[in-house]
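Go by the hints and put chains A and W onto chain F.
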Amino acid sequence: MIKRFKQLTLATSLAVACFAAALPAAQAAEEQFFMIPSYRVGPYGANGQSFYGGFIDYLTYVNMKGGIDGVQIAWEECETEYNNAKGVECYERLKSKAQKAPGPIHTMSTGISYALADKATADHLPLAMMGYGLTMAVDGSVFPWLFPLVTTYQMQASAIVKFLKDKSGGSLEGKKIVYLYHDSAYGKEPILALQAESRLNKFTLIEIPVAHPGNEQGAQWQRIRQEKPDYVILWGWGVMNMTALNTAQKMGFPREKMVGGWWSGSEEDVIPAGDAAKGYTSATWNVAGKDVPLIADIEKTVYGAGKGNLKDTSKLGTILYNRGVSAAVLSVEAIRTAQAKFGKGKAMGPEQVRWGLEHLNLTEARLKELGATGLLPEVKTSCSNHEGSGKVKMQQWDGKKWVPLTDWIEGNKALIHPLFQADAQKYAKEKGITPRDCSKE
Amino acid sequence: MFYRETGQFKTSYAADQQIFPIRQDRIGIGILLFVAFVVIPLTAGNYWFNAILIPFLIFALAALGLNILTGYAGQLSLGSAAFMAVGAYAAYNFQVRIEGMPVLLSFVLAGLTAAGVGILFGLPSLRIKGFYLAVATLAAQFFIVWCLTKFPYLSNNSSSGVISVPGVEILGFRFDSPQSRYLLVLTIVALLALAAKNMVRSTTGRAWMAVRDMDVAAEVIGIRLMRTKLLAFAVSSFYCGVAGALYAFCYLGSVEPDGFSLDLSFKILFMIIVGGVGSILGSFLGAAFILLVPIFLDIALPWFSELLHLPFDGATVSHIQLMVFGALIMFFLIVEPHGLARLWQIGKEKLRLWPFPH
Amino acid sequence: MQFFLEVMIGGLLSGVMYSLVALGFVLIFKASGVLNFAQGAMVFFAALSLVGCMEKGAPFWLALPLAFGIMTLLGIATEKFVLRKMVNQPPIALFMATIGLSFFIEGLAPMLWGNEVRRLDIGLVDEPIPWILDNWNMVISKFDLFASGLALGLVALLALFFQYTRVGRALRAVADDHQAALSIGIPLQHIWALVWAVAGFVALVAGMLWGARNGVQFALTFTALKALPVLILGGFTSVPGAIVGGLIIGASEKLAEIYIPPLLAGVFGGNFGGIEGWFPYVMALLFLLIRPEGLFGEKHIDRV
Numbered sequence: 051m052i053k054r055f056k057q058l059t060l061a062t063s064l065a066v067a068c069f070a071a072a073l074p075a076a077q078a079a080e081e082q083f084f085m086i087p088s089y090r091v092g093p094y095g096a097n098g099q100s101f102y103g104g105f106i107d108y109l110t111y112v113n114m115k116g117g118i119d120g121v122q123i124a125w126e127e128c129e130t131e132y133n134n135a136k137g138v139e140c141y142e143r144l145k146s147k148a149q150k151a152p153g154p155i156h157t158m159s160t161g162i163s164y165a166l167a168d169k170a171t172a173d174h175l176p177l178a179m180m181g182y183g184l185t186m187a188v189d190g191s192v193f194p195w196l197f198p199l200v201t202t203y204q205m206q207a208s209a210i211v212k213f214l215k216d217k218s219g220g221s222l223e224g225k226k227i228v229y230l231y232h233d234s235a236y237g238k239e240p241i242l243a244l245q246a247e248s249r250l251n252k253f254t255l256i257e258i259p260v261a262h263p264g265n266e267q268g269a270q271w272q273r274i275r276q277e278k279p280d281y282v283i284l285w286g287w288g289v290m291n292m293t294a295l296n297t298a299q300k301m302g303f304p305r306e307k308m309v310g311g312w313w314s315g316s317e318e319d320v321i322p323a324g325d326a327a328k329g330y331t332s333a334t335w336n337v338a339g340k341d342v343p344l345i346a347d348i349e350k351t352v353y354g355a356g357k358g359n360l361k362d363t364s365k366l367g368t369i370l371y372n373r374g375v376s377a378a379v380l381s382v383e384a385i386r387t388a389q390a391k392f393g394k395g396k397a398m399g400p401e402q403v404r405w406g407l408e409h410l411n412l413t414e415a416r417l418k419e420l421g422a423t424g425l426l427p428e429v430k431t432s433c434s435n436h437e438g439s440g441k442v443k444m445q446q447w448d449g450k451k452w453v454p455l456t457d458w459i460e461g462n463k464a465l466i467h468p469l470f471q472a473d474a475q476k477y478a479k480e481k482g483i484t485p486r487d488c489s490k491e
Numbered sequence: 002m003f004y005r006e007t008g009q010f011k012t013s014y015a016a017d018q019q020i021f022p023i024r025q026d027r028i029g030i031g032i033l034l035f036v037a038f039v040v041i042p043l044t045a046g047n048y049w050f051n052a053i054l055i056p057f058l059i060f061a062l063a064a065l066g067l068n069i070l071t072g073y074a075g076q077l078s079l080g081s082a083a084f085m086a087v088g089a090y091a092a093y094n095f096q097v098r099i100e101g102m103p104v105l106l107s108f109v110l111a112g113l114t115a116a117g118v119g120i121l122f123g124l125p126s127l128r129i130k131g132f133y134l135a136v137a138t139l140a141a142q143f144f145i146v147w148c149l150t151k152f153p154y155l156s157n158n159s160s161s162g163v164i165s166v167p168g169v170e171i172l173g174f175r176f177d178s179p180q181s182r183y184l185l186v187l188t189i190v191a192l193l194a195l196a197a198k199n200m201v202r203s204t205t206g207r208a209w210m211a212v213r214d215m216d217v218a219a220e221v222i223g224i225r226l227m228r229t230k231l232l233a234f235a236v237s238s239f240y241c242g243v244a245g246a247l248y249a250f251c252y253l254g255s256v257e258p259d260g261f262s263l264d265l266s267f268k269i270l271f272m273i274i275v276g277g278v279g280s281i282l283g284s285f286l287g288a289a290f291i292l293l294v295p296i297f298l299d300i301a302l303p304w305f306s307e308l309l310h311l312p313f314d315g316a317t318v319s320h321i322q323l324m325v326f327g328a329l330i331m332f333f334l335i336v337e338p339h340g341l342a343r344l345w346q347i348g349k350e351k352l353r354l355w356p357f358p359h
Numbered sequence: 005m006q007f008f009l010e011v012m013i014g015g016l017l018s019g020v021m022y023s024l025v026a027l028g029f030v031l032i033f034k035a036s037g038v039l040n041f042a043q044g045a046m047v048f049f050a051a052l053s054l055v056g057c058m059e060k061g062a063p064f065w066l067a068l069p070l071a072f073g074i075m076t077l078l079g080i081a082t083e084k085f086v087l088r089k090m091v092n093q094p095p096i097a098l099f100m101a102t103i104g105l106s107f108f109i110e111g112l113a114p115m116l117w118g119n120e121v122r123r124l125d126i127g128l129v130d131e132p133i134p135w136i137l138d139n140w141n142m143v144i145s146k147f148d149l150f151a152s153g154l155a156l157g158l159v160a161l162l163a164l165f166f167q168y169t170r171v172g173r174a175l176r177a178v179a180d181d182h183q184a185a186l187s188i189g190i191p192l193q194h195i196w197a198l199v200w201a202v203a204g205f206v207a208l209v210a211g212m213l214w215g216a217r218n219g220v221q222f223a224l225t226f227t228a229l230k231a232l233p234v235l236i237l238g239g240f241t242s243v244p245g246a247i248v249g250g251l252i253i254g255a256s257e258k259l260a261e262i263y264i265p266p267l268l269a270g271v272f273g274g275n276f277g278g279i280e281g282w283f284p285y286v287m288a289l290l291f292l293l294i295r296p297e298g299l300f301g302e303k304h305i306d307r308v
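Protein chains in written order, with our numbering: chain F, 51 to 491; chain A, 2 to 359; chain W, 5 to 308.
With the rest of the complex left out, here is chain F (with noise of 0.2 Å):
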């Protein structure tokens, strides 16, 4: 019996290797191909799950409307479990497919953007990292390929200081403020914007980290508890969201005073948080909700069809799905506007859709065509500004569903845009990269 399952774990392994060894396939004519890698197990598999099903979603939604001005998109998902070395396996698996038409793609990690970021300069593939990622690259001049689209986590944070000291009156001059942060790259890239904003507005910063995965917070509270600070800012992923929010009321913190990053504000944060989680502040870049037209019309149209992605249609609407929507629409948007450009009806080359990237113009007017009024802000990019819009939404959680509060807020882009031209002047002396002229493109 052993002696069998011997031979057949051998037999097994060489099938293993052959299998493997039969990996590229064929791609047809006028196609623009997705390379998705996606997560939907361990630990952040809620938060994929909602955010690729939005975009799969509006994919198929273009697809079923006759697809970009008569080009289908083909996609290929690919499983990275918020790993970066399995994210960069899928990328270097999906590359040769997506080298001749290619569309933006979103890993929704920023581990898995920084490690793809050198990669897909070389080998000239756009890389979108809507509100994650290696931030500098708004310095389109030193990253052409790399696109932080919509706004970054500085940005963020100088939006929501203008939202706090709004609602302190126009000033926090004297107030407190704790960051409470997750100790990764993630959580430590606002920081520099943070303790600018500081000095300029001068309120007092107190930053604490919370180890990953920030499952218990006992400490921390308590510290904040003694602090008695004005505010907190919440930069949390997973676990660490309701956690927070969970030890702010066993503490007596108020959670009005808290005010969230988008990574800590969906509602895979709050709904576990119960209660807890009344009155709570984040910000956004998309709204929630299945008012949005175009929502509707996915709902109505992909899932009337059954051919949604999502097994669960209570996460239509989520805030992360129409986060996912809205990443779709963008990626679909810079083929749309390459194709006025370079031909339409035709599929785009990656330096095409890299030119469309640049040139993105995403106006109201537009938007409402798209059915997509209030989902994002309005998006304009170019090449010294790869961000093109630094907006975010807040929004109150009142115990059932997410409230918008506010109109759209930009944060202090004088402030901060500097800062990124600074980080990637310095890259690009490590890297010897030679940064482009903008005044020329």
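None of these hints come from the bench; they were simulated from the model.
There are no misleading hints in this set.
Only pairs whose alpha carbons sit at most 20 Å apart, straight line, appear in this in silico EDC-like list of lysine to aspartate or glutamate:
| no. | chain 1 | residue 1 | chain 2 | residue 2 |
| --- | --- | --- | --- | --- |
| 1 | F | 361 | A | 307 |
| 2 | W | 146 | F | 325 |
| 3 | F | 215 | F | 280 |
| 4 | F | 479 | A | 177 |
| 5 | F | 115 | F | 81 |
| 6 | W | 60 | F | 362 |
| 7 | A | 130 | W | 297 |
| 8 | F | 450 | F | 306 |
| 9 | F | 451 | W | 125 |
| 10 | F | 252 | F | 223 |
| 11 | F | 147 | F | 173 |
| 12 | W | 89 | A | 337 |
Derived CB-CB ranges, DEER-like:
| no. | chain 1 | residue 1 | chain 2 | residue 2 | range |
| --- | --- | --- | --- | --- | --- |
| 13 | F | 249 | A | 98 | 21 to 31 Å |
| 14 | W | 64 | A | 311 | 27 to 37 Å |
| 15 | A | 217 | W | 173 | 25 to 35 Å |
| 16 | A | 128 | W | 161 | 29 to 39 Å |
| 17 | A | 120 | W | 129 | 43 to 53 Å |
Examples of chain F residues lying across from chain A (beta carbon under 7 Å, computed):
| no. | residue |
| --- | --- |
| 18 | 90 |
| 19 | 134 |
| 20 | 139 |
| 21 | 161 |
| 22 | 234 |
| 23 | 235 |
| 24 | 238 |
Cβ coordinates follow ideal geometry from the N, Cα and C atoms, glycine included.
Okay, now just chains A and W, sitting in the frame of chain F:
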């Protein structure tokens, strides 16, 4: 028949003690090296280099390091990823801070730095044994990663703690193409594997094995426990450190401390268990297995579910992958606790008699 | 001083939550010598099953035994298909098998019940007790007190079970010496299945409390990492060790997180928070140097 040793007479001690005393092994290794150094660079595509071969070699090196510690010296460690992190960050710092530093030298120094840290965290092994030690090495895992996050100096004051390594250049030649990087990694790994193979046949290796089998008995016959155990930690960490440096310089290009997580440590541990504890060959086989199976499942399962029209969505397929991976690990441990290397040995025995088994 | 006390009490109470997870490890290690790394995954699976049953319409009092039933099945299956086949293999191989098991469970649980993050309401709010807050200005959470009570009750129950029941005696015999136990006719395999079921029950209680606190989601598996230092400190084989170890780790980690980073910042400059990830391990390690078998562990005697 293929492995018949009949007629291979040894007339000198040197011949008797060579690494591969059987002629067929020597030919086999020769062919293997020829394929690895000549055939593969000429034929393989970029995907193979970037996503499979380079990480395979690097992980095999790390597994080799852990195998020295766990397989030969018997000290279970769950902190290999942290030692890789030390190597990666040390190599980066040597490279960035010292003008004109040769890359290879900074790899060696990175290995030595990791060895130093390894000795430090090996000290408890003098008193603690078994699972207590395994869990204690977790202290190294978490502490080192934390240090790398917390001291901005170590990441050259990068605001996010992520380091992006400069390109590899040796004697004016830039290792830009996947082929060249593959050859560089292959050369380093082959040399270190050769060194390891020799080390475990030497006095040191035998002392390690004696300590592994029973440390009290080893002490009684005059092996100095402290020196032997710490040496194992140092050598193992050296290998892991070099692997870490290669991981950063030749594979990912930019790394963050969180990338060297406990999961990676476990992955390396899996490699040696599946490949074979206490076997150089096993480190390579295990690395190949652990690296290829998830990729295989990733490709095969969606294909399979489409073929059979199973109503699986993307998430379910991912979940099944995880389950199959876990089940495979258990299956392997049940069927062949000595790993793939043992299977190879059985195969060799078979070939020796084939086609006339008794 | 008052702040110190508050932090310490908060830490002690969180420590009990760690003990709960550590308890599952101890039970299995004691009976079969396996360091069951899948305990964290079992906590996740148990909590998910509980919530899953409740979502399907079962009331809490019914969902609890149902989830326990599922955990028992899992335990029996593990014994039958994995452990029984691995008798006489080195402990490291068994340890690895449990890591494989944890992957399996991590895939199985969300596949059965879905992987969205859920809320588990056990009718207890994590709020400070107003009376203590008013009189001493100290935050003591109702929830934590309840959890501690439950944990202590569970330990008492286990102690009684081990001490006074027939099965408990058999369990202790098996823990002492497998072969001797076999030779006097104790069915080893039944005992092991039983131990896994009991460990499943402990995981269910831990999953229920952790899940009510932080939401039922994948991150519940990380609770295992909090339990390991508790385990080293208390000793792998001691039930009271798990409790005492949990208390020590909980309190010291919270105090360290408050008081050590400012000291470090004074020396090096910068921000050194977030030491909770490694501090318990380093502390346990230093402790081991003094007492290599943990607080209550059995002393290991080497014979040549």
